[in-house]
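Undergrad: Spelled out, the chains give:
Protein chains: 2
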Amino acid sequence: MNMEYDSSGLTGLDRFTRANLINSLSGYKPVSLIATCDSRGNTNLAIFSNIVHLGADPALVGFINRPREAAPHTLANIEATGLYTINHIHGDLVQQAHQTSAKYPEGVSEFEACGFTPEYTTGVSVPYVRESRVRYRLRLVEVIPILHNNTFLVIGTIEHLEFPAAIVDADGFLHLDQAGSQVSLGIDGYAAVGPVSRFPYARP
Amino acid sequence: MNMEYDSSGLTGLDRFTRANLINSLSGYKPVSLIATCDSRGNTNLAIFSNIVHLGADPALVGFINRPREAAPHTLANIEATGLYTINHIHGDLVQQAHQTSAKYPEGVSEFEACGFTPEYTTGVSVPYVRESRVRYRLRLVEVIPILHNNTFLVIGTIEHLEFPAAIVDADGFLHLDQAGSQVSLGIDGYAAVGPVSRFPYARP
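Those protein sequences? They're chains F and U, same order as listed.
So the first sequence is residues 1 to 204, counted in the working numbering.
So the second sequence is residues 1001 to 1204, counted in the working numbering.
Heads up, some of the hints might be wrong.
[Stated by the list, open to error] Here chain U is said to cover these stretches of chain F; the calculated rule only asks that three of the stretch's residues, wherever they fall, bring their Cβ under 8 Å from a Cβ of chain U:
1. 7-13
2. 47-53
3. 102-111
[Claimed, not checked] Not everything, but these chain U residues come out facing chain F in the computed CB check (under 8 Å):
4. Y1005
5. L1021
6. G1027
7. N1042
8. L1054
9. G1055
10. S1101
11. K1103
12. Y1104
13. A1165
14. F1173
15. V1183
16. A1192
17. V1193
18. V1196
Everything labelled a hint here was simulated from the structure, so no lab data went into it.
Don't be surprised by glycine CBs; every beta carbon is placed ideally from N, CA and C.
Model the full structure from these sequences, guided by the hints.
TA: Below, the structure written as C-alpha cells:
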C-alpha cells in the first residue's frame, strides 16, 4: 500500500513530521564533519550532510549551510579564513560525530567536547580530524545565497585530499565501502553502505 | 598507508583518473531518475546523482545539472513545463537506470529504450516512473547558474510525493533501506545501504 501527500497535505503536517519526511525523501546523504577555525585559531567542528559534488575540473564541492541564525559558526569561520576541511565519518565515529550537532556554549570546541583530535598541516590554519581516514581541504570560492529559505550554497575548490591507499582503484575510483564511510538519512539516521559495483560506460 | 594529492598533483592526473577520484571523494550520492517531457509531451528520463536537500518548509530539493551542451534535455524540458519527477532507483532497477546515461539519438525516449514505464497522473504533464517505489514531483522554483564550471543548481518545490506505507515511521522518517533505494558512488558505482539507525537529538 502506498501513502501520498500533495502540497496541502504537506502543509497540514506538524513541523517535525514534515521535516523528517522531506529530509529522508531526497535520499541518502554523504554525511561528513566540517572543521574550521576563526581568525584567532579557535576550532569548530560540525556535522553536515548536504554535500554535493559540483565538478572534477576544476575540483569543486558544495555544501548547504542553514540560515545564519541557525548555524553561524562554520560559515563565519570559512568567510574569515577562506579554508575548511571535510572529513568522512566511519562506522566507529558515528556516535561522536552525531554529538557535534549539540548546541555547545560559545568558546567550547566540538573537537574537545566530542572526543575528536585536530590534526594540523604545516602552514595551514585549519585542522583535519585525525580520526577520519578520507578527508579533503577546500578553499572558499563562492557563497551563493538561496533566497527561498535563507540557506547558502558554499562552494570550495579542493586544495588537498588524503585517503587510505588500499581503497583506490587504478583509475582513481575510491571504494568508500572499504573505508567504512557512512551515509546519513533524514535528520538523525546513519547507515553503512554495502559493496559497491561499478558499471561499464553505457552506450545506446 | 595513505595517499595524498595537492592541487598541482590533481592537475597532473589524466582527466579520467581525476574525474573518478574527485567524484568519489565527496561521498555517496542519492542517485535517482529524473523524468521530464517537452511542451509536446515527448518524455525524457535521465539518471542524476547530485541531488541535495535544501529545506523542509518550504519543501525544496536541488540538483546539479551539468553544462547545457553536455546535458541539455532535462533542463530544457523543466524550463518548458516547470515540472519534473524524481524517482528512486531500487536494487532491481540499477542496470536499467544506469543505461539511461547512454547518449540516445534525439527523438528516442529513455523510458522505452531502457524498459521503464511512464505513469501519468490526471492533469499533470510529466510522468512518474512506474517501477520506482519512492518518488516525488517538483515544480521549478529557480535555476541558479554556477559560473565557475557552467553547471546549474536547479531548485524545485515538492508538489506531490509517494512511498510504500510500510517504510514510514510514526514521525515521518522514511526507512529507505527497506525500500531498497540505492546510492551511487563516483561516476559508475552503485550500492545498497545497510540498516539505518536513528539517534536521539544531541544535547551538550
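Undergrad: Checked against the structure, which of the hints given earlier come out wrong?
TA: Result: hint 7 breaks, nothing else.
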